[in-house]
Amino acid sequence: MRSPRISLTVASAAIVLLASCAPGSSSDGSKTKQADDKKLTYLYFTDGPDEQATRDLIDQFEKKTGAKVNLQIVPFDNLEQRLQARLSGNNAPDVARLTDITPFRADLLDLNKFQKGALGGKFLKGADAYVTGKGGELLAVPSDLTMNGPLINVDQFKKAGVPLPDPKKPWNWDEMVKDAKKVQAANKTQNAIAMDVSGHRFSTMLSQYGTDFFDKTGKKPAMDTGKATAAVKRFAELNASGTMPKDLWLQAGTKYKAANEIFLAQQTPVYLSGNWQVSAFAKGAKFSWAAAPNPCRKTCGGFPGGKFMASFKQSKHQKLAAEFIAFMNSEKSQEKLAKEANFLPTRKDLISSGVKYPVRDADMQTFLDDVKRTPQAAYGSAYSPAFGATADASVKELAKVLAGDSSPKEAVEAIRAAAQKALKDAQ
Amino acid sequence: MTSTARMAPRRTVGPAVPQSGHRKSVNRRRSVKPWNQRVAPYLFVLPNMLIFGLFVIYPAINNFNISMYDSGNGRDFTYVGGGNYQGMLSEAEFWSAARHTVVFAVFFVTLTTVVSIGLALLLNQRIKGRAFFRTVFFLPVVISPVVVGLIWGWIFERKNGLLNSLLGAAGLGQPGWLVNSTLAMAVVIFVGLWLHVGFYVLIVLAGLQGIDSTYYEAARMDGASGWQQLRLITLPLLRPTTMVVVILSLINGFQAFDYIWTLTGGGPVGGTTLMVQYIYEHAFQSPVQYGSAAAAAVVLFCAVFALTVINYLYNQRKESA
Amino acid sequence: MSLTALRGSRDTPDARGTRGTRRWTSIGDGPTPTAGRVLAYAVLIGLSIVVLAPVVWAVLSSFKSQSELAQVPPSPLPSSLRTENYTGALSSFDFALYLKNSVIVTVGATLLTVVINTMCAYGLAKYNFRGRNLLFLVVLGTIMIPLQLIFIPVYQMAAQLGLVNSLWGLIIPPAATPTGVFLLRQYMLTIPDELIAAARIDGAGEFRIFTRIVVPLSGAAIAVVTIFSVMWRWNDFLWPLIISQDQSKYTLPVALAQFNSQLVAPFNYILAMSVVSMLPVVIIFLVLQRHIVRGIASTGLK
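Residue numbers (UniProt numbering), protein chains in the order written: chain R, 1 to 427; chain D, 1 to 321; chain H, 1 to 302.
By construction, these hints were calculated from the structure, which means they are not laboratory data.
Hints may contain errors.
[Unchecked claim] The calculated lysine-lysine pairs, modelled on DSSO-like cross-linking and capped at a C-alpha distance of 27 Å, are:
#1 R:K313 / R:K424
#2 R:K38 / H:K249
#3 H:K249 / R:K316
#4 R:K188 / D:K159
[As the list claims (entries may be wrong)] If you want the ones that stay clear, here's a sample from chain R, every Cβ over 12 Å from chain H, calculated:
#5 E62
#6 K63
#7 K116
#8 G133
#9 G161
#10 K169
#11 K182
#12 K233
#13 A290
#14 T299
#15 K313
#16 E335
#17 D349
#18 Y357
#19 V359
#20 R373
Heads up, the beta-carbon is just placed ideally off N, CA and C, and yes, glycines get one too.
Bound conformation, chain R alone (with noise of 0.2 Å):
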């Protein structure tokens, strides 16, 4: 080290020249210069056959409109993670596949600009307010809806001798656990219940459970402490005695993790999922299974989900995206990935109309049920600008509890905590 003078004069007349200037570069998407070539980039992730009936459906906007769409398929678990990055380093894709809006609000175009005639007034009620901004904007579309619920293997449930659960009458938890954990003992599966590892899948127990992050109107928090704590130390017990999978949750970390794999295993009886699931079991499952209505306890019914499409305003394509989110949320588009992917519509017309699923249409009549039974409260919370950084929140606060780092009660208080701050960091 013989000259840290002159180094040390060097760095920080540099520090002093440089921290004068703001280190980024806001941009105005509005301003986003327009390219003219017909190329689409659509970041995208998938569930299993939904993908396969997007790129059909890609096909035949290709088709129509000379355009070239590239699907850009990302693991679930990192989609925001790469989504944010695109969008700080200025390369947003044109259209992509959220199930949280919210940490995007500022980026989303206005699809009204484009498309009105074509998209407004179009979707099921409850997302209206998410999905439009300050100003009226439309800011993305539902493009499909889900409904949680669980799924169970008829095969080790006739081999225990348990009957089935009956859709029209629901079974409640009580029953839930204590059959589950005689077909597993019939069976000797690892386990009894799977759950995803997912705030969202928690947010279906808490509101059997009575209570909900927020009330109905989405933006106060309104989770009831006696009701969370009986469900966060039943949840607790349930994996402290291996009915459910605690490694599971433990090794996920934060990161959603799906139980899929499991089940698909016969390692599990029950699996609480939704209907995302039924057409990747109906081509990847080796054994007869079922969709089953969700169990009661204060309350029946599952929790709503969605995805929505949305383009953004650094697209330099915004015209044509617009025109492709249209494309893939026509009737016809609707209700064709729903036929494929066993998806449950958003448009309006498809919901009155109804559809008839080629596969496994009982068990998707099972989902829908449960839409007729899921509380107002429900949706509140599921459409709640501040429901996915809660969600994410609560999955941290289960994992310290199953772990023993921290009590039923504490995890609900922290759970309230980061509904209160994701709200106001929502505004």
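Once you have looked at the hints, place chains D and H on chain R.
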């Protein structure tokens, strides 16, 4: 940093070239140096320094700058001064990542140093197959850390992993290696060691070769035992090398990320989330917090820098004592 | 000393107990095997197994079918050397493209690194100019600031220069490795100044001296930097994870991590591709390992 110069090449086509050789450079009389010799060095260093400036120096300084801004989801920056540092210091996640990084680094550096010196001492004996062992120990260094994490994660898997199926067959139980935080941290440290130690073995071997054999001959003449030779000759004379190993493994340990990402993903419950992952997640998880991520990077850099300097000074003192 | 020893072992490919290795200084006792010696072999062999087992296990398993992989307890050997995992992964998951990207980035970045590092090292080693010591100190100091630490501002810079989501973005930013410059400079210091002076008297230009005299004489050090660069760029993960945003720009490690994280691709494919990603560097290492040994011996810096 002069210590590194001590490890510098002694190209031995004859006696070692004195280290100060570079000071009497090609042309000492500046006044008569033709213009092309005056311009040439700048042209030679230019391309490298240009990239260096753009992608190392400027960003390194800019990092301080960013750490004083609130990044508003990555798109609008507002000056907040020390706000990010304050916020970070009151955040449980930061302390968790910091604690895990320290635990990891302490074990990683200590074990790396001890194991690499131990292995190098073993290899420095008259051992048959020395080249083979050296090659084997170095092999993991060249393998992609992502792949290393994948493979070990698969071996340590609780139910169907190789290790637990062997343990289970032997009736030794099936510990949840990646499920229990303490075990997971131990696994991460072990895999880190597995991945890197071969590199340090080579450094230590080179250091051992630099010790003049006459010391040992003299010691044997005086009837010193092998242990005494080790304690009184080898380890003291190896100190500069040991310092290099400690400093390098420190820098290495504080930036561990890639193999952990595929091994544990930072789990369970953040039990193996180290600082680099913390920075990555703050930078790209919503809401994007470039500012606090940059602040964490500054803290991490300061820690590495301080420890390096302390280590250096400590060794200087030992040496002069 | 160290290099003489290594030279010795290089002269004799079979380094076991031949003339070359005997020149290593040793603190061992006589030639008779002692308890200590036996223990030493036991430790070395035991650790070798720990090191090799997972690699061998992965390679063997990469030939197994999905059902063989799921078998409990696992069988050590695959039922047959079926290459379906390799062909399947290459054909159905664009792994061939990721392999190509990895090759382009590794070759491109290594060429760039070697050229600019060598030039820079020469400038720093053999010229006396204003700011030389400062530049050298800066190079040394930045060994402590790896890209892992400051990737946010580097990413911003890359974005401003339009390098995001392009292979150039993977090639250029990490190219100016401080380690490479340091290593080459140290090596070049030992080239006698008289050689260069003589060439000047003969009327050779500065650049000609560099290409005709300095580069050939620095072959060994250049080889080391080449090997390191190949290793680093081929195995890079964090930076490509950030920069390679389209699937068409993925490198092999990014693709492996992304596909594994949600089992987009079945594990037997992931395993096969992991082996593919290991092979080139392992082969290069085995062929050129004595250069690596020498490189590390000569600098002690990574």
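How the hints compare with the structure:
Our distance criterion of 27 Å between C-alpha atoms is met by R:K313 and R:K424, whose separation comes to about 24 Å. Distance restraint check for R:K38 and H:K249: the Cα-Cα separation of roughly 20 Å lies within the 27 Å cut-off, and the hinted pair is therefore satisfied. A C-alpha spacing of about 20 Å is found between H:K249 and R:K316, which places the hinted pair at or below 27 Å, so the restraint holds. Between the alpha carbons of R:K188 and D:K159 the distance comes to roughly 15 Å, so the proposed pair stays at or under 27 Å and holds.
Distance to chain H confirms R:E62 as a non-interface residue, since its nearest Cβ pair spans about 17 Å, more than 12 Å. Residue-level check passed: R:K63 sits 22 Å from the nearest beta carbon of chain H, beyond 12 Å. A cut-off of 12 Å between C-beta atoms confirms that R:K116 is not in contact with chain H; the least separation is 31 Å. Remark: the non-interface label on R:G133 is consistent with the geometry, its nearest Cβ contact in chain H lying 26 Å away (cut-off 12 Å).
Non-interface call for R:G161 relative to chain H: holds, since the shortest CB-CB distance, roughly 28 Å, exceeds 12 Å. With a least beta-carbon separation of about 36 Å from chain H, R:K169 lies farther than 12 Å from that chain, consistent with its non-interface assignment. The beta carbon of R:K182 is kept farther than 12 Å from every beta carbon of chain H, the shortest such distance being approximately 25 Å. Every Cβ of chain H is farther than 12 Å from the Cβ of R:K233; the closest lies at roughly 31 Å, confirming the non-interface assignment.
No Cβ of chain H approaches the Cβ of R:A290 within 12 Å, the least distance being about 24 Å, so the stated non-interface status holds. Listed as outside the interface, R:T299 is consistent with that label: its C-beta sits roughly 32 Å from the nearest C-beta of chain H, beyond the 12 Å cut-off. The Cβ of R:K313 sits about 16 Å from the closest Cβ of chain H, beyond the 12 Å cut-off, so the non-interface label holds. Separation of R:E335 from chain H is adequate, the least Cβ-Cβ distance of about 27 Å exceeding the 12 Å criterion.
Listed as outside the interface, R:D349 is consistent with that label: its C-beta sits roughly 34 Å from the nearest C-beta of chain H, beyond the 12 Å cut-off. Look at R:Y357: its CB is around 25 Å from the nearest CB on chain H, clear of 12 Å, so calling it non-interface holds up. With a closest Cβ-Cβ approach of about 23 Å to chain H, R:V359 is found to remain outside the 12 Å limit, as its non-interface label requires. The Cβ of R:R373 sits about 31 Å from the closest Cβ of chain H, beyond the 12 Å cut-off, so the non-interface label holds.
Checked against the numbered hints given earlier, this structure breaks none of them.
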